[in-house]
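Q: Single-letter residue listing:
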Amino acid sequence: MSTDLHSLMAPYALDALDQDERSRFEAHLDQCADCRAEMAGFMATAVRLGDTVRHAPPPALRERLLAEIGDIPQERPIVTALAERRGLRRTLPRLAMAAAFLVGAVGVGGYLVEHQNAEEANDRSVAMSTVLGADDVTTASKSFDAGGSVKLYSAPSADAAVIIAKRLPSPGKGKVYQVWMVDTEAKPTSQGTFVSDGEMIMKGVAEADHIAVTVEPEGGSDQPTAAPIAIIAV
Amino acid sequence: MSASAAQLKLAAAPEHDAEPSLNDLLVKVGRGDETAFAAIYDHLGSSVFGLARRVIRDPARAEEVAQEVFIQVWQSAARFDPAKGNAKSWLLTLAHRRAVDAVRHDQAATNRENKYDWSSGPDFDEVEETVTITLEHEQVKRCLDGLTELQREAVNLAYYQGYTYAEVATALNANTATIKTRMRDGIVRLRDCMGVVA
Chain A
268 MSTDLHSLMA PYALDALDQD ERSRFEAHLD QCADCRAEMA GFMATAVRLG DTVRHAPPPA
328 LRERLLAEIG DIPQERPIVT ALAERRGLRR TLPRLAMAAA FLVGAVGVGG YLVEHQNAEE
388 ANDRSVAMST VLGADDVTTA SKSFDAGGSV KLYSAPSADA AVIIAKRLPS PGKGKVYQVW
448 MVDTEAKPTS QGTFVSDGEM IMKGVAEADH IAVTVEPEGG SDQPTAAPIA IIAV
Chain B
1467 MSASAAQLKL AAAPEHDAEP SLNDLLVKVG RGDETAFAAI YDHLGSSVFG LARRVIRDPA
1527 RAEEVAQEVF IQVWQSAARF DPAKGNAKSW LLTLAHRRAV DAVRHDQAAT NRENKYDWSS
1587 GPDFDEVEET VTITLEHEQV KRCLDGLTEL QREAVNLAYY QGYTYAEVAT ALNANTATIK
1647 TRMRDGIVRL RDCMGVVA
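Chains as they are written, first to last, in my numbering: chain A, 268 to 501; chain B, 1467 to 1664.
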C-alpha cells in the first residue's frame, strides 16, 4: 500500500477524514486485505470510545420514529426486484452478444471474479480514468426500488464503457450479480460478477447493443440463466 | 455510509459486548419487523443519543441526528450480518459517522474555535438523572489517561468533537503528518490498553 494512504488508517477509524479522503481511502481499503485486518482493531477501539455514556433520549423521539418507519421503504434482498425482472424478460431472448474483453470486477462485499496482478489492475484503473474523463462520455443509469443503482458510462472514442454498481441489495446467499455485454449478432459475453457494489470496464462496446445484469450462482454462469434485473442501452 | 464502510465496521465489531438477542432483533428489523425495531430502539436509543450528545453538544441537534441514525437503521438493517459483528457496534459506528458529519455541516454557520473548552475533553463527569455511565467508562478513561498529551488531544478532538485530522493539526499547531502519526500511536495504545482483539 502507499505510505500516504496507510497514514490515513487511524484518522479513518476516528472519522477524522473529510468526505473526499474518506471515499478515496475506502476505495483503497476495498483492495487491501492487510489494511482491513488492522482496521478491524482500530474500528473496534473507536466503538469502545463511543460507548461510555448513555443518555435517555426524549420520549417523543421514540413515538416519532415508530410513527414514521411504516412509510419508509427498506433495502431488501433481491426478491423484491422480481416484478421488475418480469417486465424485462421479453427483452432478453433476442439479445445476443459480441466479443468483449473480460477485465474482471471489483466488489466491496464481493470480490474479484478474475484474479488480477498489479499490472492488470493498474491498466484497468488507467483505462477507467480514460473512459470517465473522455470528452464524449455519456451516462445511463438505473435505480431500483429496493435501493441501489447501476450506472453506465460509455465513451465511443475509447470504444469502452465503465459500469458502476452502488449499494445493490444482496443478491442472496450463494448468488452474485453478473454483467453481460449484449448485441444482436452473438451470444452475451460475461463481463464479470460482483456483490452489492462493483465497478468494471468493458472494451469493444462499439459492437454492443446493451449491457445487462443478471443474478447468477456464485462464480458466475457461462450464459445468463435468468432474466436481467437491469438492461442499459450502450 | 458506503457499503465498504458498513462491511468493514461489521468486521470490526468487538466481541466483548456481543448481544445475540440484539443481533437477532436487528436481523428481524431488516425484514421489516417494527416490533423488533422498537426493541432495538429501547435497548440502544440511549447509547446512540448519548454518543450524539457527546459529539454534537446541542441536545436538539443530537436528537435530530439520533432520529436520522434510527431511520438509517430501519432502511439498511438488511445489510447487517450477525456473522460479522454485533448490533450495538454497527449502530454506534453509524451514529458516530452521522454525528461527526452533522457537526461539520453545522460548522459552516458557527465559529467552532470559540465554542470549545480546551481543558475539559470528554464530559466524563456529566451528571444528570438520564445519564448512565457505562461499565466501559472507567477503562476508557484510564486508557485515555495513559496516552501522551498530544495523542490524547488528537484523539479527543477527532473522535469526540468531529475535527478532521487537518483541523486537529491547525488547532494544535502541529503539521498534519505529525497528527496522523499521533492518532495512529494513540489508537494502537488504546487498542492494546483496552485489550481489543480484532
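Treat the hints as calculated values from the structure; they're not laboratory data. Source: prediction; values computed, not measured. We treat Cβ as the ideally placed atom computed from N, Cα and C, and that holds for glycine. Misleading hints may appear alongside valid ones.
[Said to hold, decoys possible] Every beta carbon over 10 Å from chain A, so not counted as near; a handful from chain B, in silico: (1) Asp1490; (2) Glu1500; (3) Asp1508; (4) Gly1516; (5) Asp1524; (6) Ser1542; (7) Val1597; (8) Thr1598; (9) Glu1602; (10) Gly1612; (11) Glu1619; (12) Asn1641.
[Unchecked claim] Here are the simulated lysine to any residue pairs, SDA-like style, with alpha carbons at most 25 Å apart: (13) A:Lys442 / B:Asp1490; (14) B:Lys1550 / A:Ala327; (15) A:Lys418 / A:Asp476; (16) B:Lys1494 / A:Asp476; (17) B:Lys1607 / B:Ala1635; (18) B:Lys1494 / A:Gln298.
[Stated by the list, open to error] Label pairs and their computed distance ranges (CB to CB): (19) B:Lys1607 / A:Asp403: 55 to 63 Å; (20) B:Asp1611 / A:Glu330: 38 to 46 Å; (21) B:Ser1487 / A:Ala453: 51 to 59 Å; (22) A:Ala323 / B:Lys1607: 47 to 55 Å; (23) B:Ser1487 / A:Thr492: 22 to 30 Å.
Q: Are the hints correct? Go through all of them and say.
A: Structure-based check of each hint:
1. With a cut of 10 Å on Cβ distances, Asp1490 of chain B stays outside the contact zone with chain A, its closest approach being about 17 Å.
2. Against the 10 Å criterion, Glu1500 of chain B falls within the reach of chain A, whose nearest CB is about 6 Å from its own CB.
3. Some Cβ of chain A comes within 10 Å of the Cβ of Asp1508 of chain B; the nearest lies about 8 Å off, and the non-interface call is violated.
4. Not every beta carbon of chain A lies more than 10 Å from that of Gly1516 of chain B, the smallest distance being close to 4 Å; the non-interface claim is violated.
5. No Cβ of chain A approaches the Cβ of Asp1524 of chain B within 10 Å, the least distance being about 13 Å, so the stated non-interface status holds.
6. Interface exclusion of Ser1542 of chain B from chain A breaks down, the closest Cβ pair being 6 Å apart, not more than 10 Å.
7. Look at Val1597 of chain B: its CB is around 5 Å from the nearest CB on chain A, not clear of 10 Å, so calling it non-interface is violated.
8. Against the 10 Å criterion, Thr1598 of chain B falls within the reach of chain A, whose nearest CB is about 4 Å from its own CB.
9. Distance check on Glu1602 of chain B: its Cβ comes as close as 6 Å (rounded) to a Cβ of chain A, failing to clear the 10 Å threshold; non-interface status is violated.
10. In this structure Gly1612 of chain B is separated from chain A by more than 10 Å, as the shortest Cβ-Cβ distance comes to about 13 Å.
11. Separation of Glu1619 of chain B from chain A is adequate, the least Cβ-Cβ distance of about 12 Å exceeding the 10 Å criterion.
12. With a least CB separation of 12 Å from chain A, Asn1641 of chain B remains clear of the 10 Å interface cut-off, as annotated.
13. Proximity of Lys442 of chain A to Asp1490 of chain B is assessed by CA-CA distance (about 23 Å); at most 25 Å being required, the pair is judged to hold.
14. A distance of roughly 33 Å separates the Cα atoms of Lys1550 of chain B and Ala327 of chain A; the hinted pair therefore is violated under the 25 Å criterion.
15. A C-alpha spacing of about 16 Å is found between Lys418 of chain A and Asp476 of chain A, which places the hinted pair at or below 25 Å, so the restraint holds.
16. For the proposed pair Lys1494 of chain B and Asp476 of chain A, the alpha carbon gap of about 42 Å is over 25 Å, so the pair is violated.
17. Among the hinted pairs, Lys1607 of chain B with Ala1635 of chain B is consistent with the structure: their alpha-carbon atoms are about 23 Å apart, no more than 25 Å.
18. Our distance criterion of 25 Å between C-alpha atoms is broken by Lys1494 of chain B and Gln298 of chain A, whose separation comes to about 31 Å.
19. Take Lys1607 of chain B and Asp403 of chain A: their Cβ atoms lie about 59 Å apart, and the range 55 to 63 Å holds.
20. In this structure the supplied range 38 to 46 Å holds for Asp1611 of chain B paired with Glu330 of chain A, their Cβ-Cβ distance being about 40 Å.
21. Distance hint check: the CB atoms of Ser1487 of chain B and Ala453 of chain A are about 54 Å apart, consistent with the given range 51 to 59 Å.
22. Remark: the range hint 47 to 55 Å for Ala323 of chain A to Lys1607 of chain B is contradicted by a beta-carbon distance near 22 Å.
23. One distance hint, 22 to 30 Å for the beta-carbon pair Ser1487 of chain B and Thr492 of chain A, is violated here, with the actual separation near 39 Å.
Hints 2, 3, 4, 6, 7, 8, 9, 14, 16, 18, 22, 23, counting from the list given before, are not met by this structure.
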